[in-house]
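Given the sequences, and given the hints that come with them, work out the whole structure.
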Amino acid sequence: MLRITFKNLLGIIFQGTAVVNGDFKTISMKDYKGKWLILFFYPLDFTFVCPTEITAFSDRCAEFQKLNTELIACSCDSHFSHLAWIQTPRSEGGLGDMKIPVLADFNKDIANAFGVLDHETGISYRGLFLIDPSGEIRHSLVNDLSVGRSVDEAFRTLKAFQFVEKHGEVCPANWSDDKPTIKPGIKESKEYFKKVDGHT
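Its first residue numbered 1, the sequence shown is counted upward by one per residue in full-length UniProt numbering.
In short, the hints are calculated from the structure, not lab data. As the structure is a computational prediction, the values presented were derived from the model and not from experiment. Take these hints with a grain of salt, some might be off.
Straight-line C-alpha distance at most 30 angstroms; calculated DSSO-like pairs for lysine-lysine [to be verified]:
1) Lys166 <-> Lys30
2) Lys194 <-> Lys159
3) Lys195 <-> Lys108
4) Lys66 <-> Lys179
5) Lys30 <-> Lys159
6) Lys33 <-> Lys66
7) Lys66 <-> Lys25
8) Lys194 <-> Lys166
9) Lys108 <-> Lys179
So, in structure tokens, the structure goes:
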């Protein structure tokens with residue numbers, strides 16, 4: 001599993017200028033210490049799939065924040081490009097009102113560090129990273145350019161990892177918070193399999 005900690009992220013890999021509430025602001029990994037964080041990369045401003053993803057995450061920001069989780073969108077565009085896109089109405093393919101930071105990675109260092117930079121085109125793939133409060137990556141997902149990601153799945157995955165952290169049990173395939181989990185032991189796990197009659 002890929003492990004990146006605050007020790008090598010602080011102010012080095014993950015720092016840059018973002019558009020936050022309509023202003024330019026420098027943000028870094030240390031700003032999110034003690035919180036869960038979803039950092040997701042997208043290819044380019046003023047494109048087609050990208051605004052559907054970013055606005056979908058932004059519109060559900062409050063749900064993630066209730067779970068002590070912040071969201072950051074990031075691409076290799078400049079912060080000036082981000083601002084212009086945010087100021088473009090959604091009806092015209094813009095982002096409109098943004099409730100999450102949009103981070104500029106103009107020198108491509110962040111995308112490169114996270115392994116999602118396409119070196120031929122100079123843009124990032126659709127990478128998503130779930131980082132826990134200690135700074136470790138717990139989940140990563142990378143899509144090619146043409147298919148957007150699911151906010152519902154990101155939310156489900158977050159809740160699963162938080163459940164594991166809190167209760168020490170593990171989550172089976174397609175788990176949701178209304179379904180049983182598994183106690184990680186030879187004898188204990190049989191309780192789960194009896195409940196589901198051998199089907200996960």
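Results for each hint:
no.: 1; hint: Lys166 <-> Lys30; verdict: holds (23 angstroms)
no.: 2; hint: Lys194 <-> Lys159; verdict: holds (24 angstroms)
no.: 3; hint: Lys195 <-> Lys108; verdict: violated (49 angstroms)
no.: 4; hint: Lys66 <-> Lys179; verdict: holds (21 angstroms)
no.: 5; hint: Lys30 <-> Lys159; verdict: holds (23 angstroms)
no.: 6; hint: Lys33 <-> Lys66; verdict: holds (16 angstroms)
no.: 7; hint: Lys66 <-> Lys25; verdict: holds (24 angstroms)
no.: 8; hint: Lys194 <-> Lys166; verdict: holds (24 angstroms)
no.: 9; hint: Lys108 <-> Lys179; verdict: violated (41 angstroms)
In terms of the numbered hints stated before, the structure departs from hints 3, 9, listed from lowest to highest.
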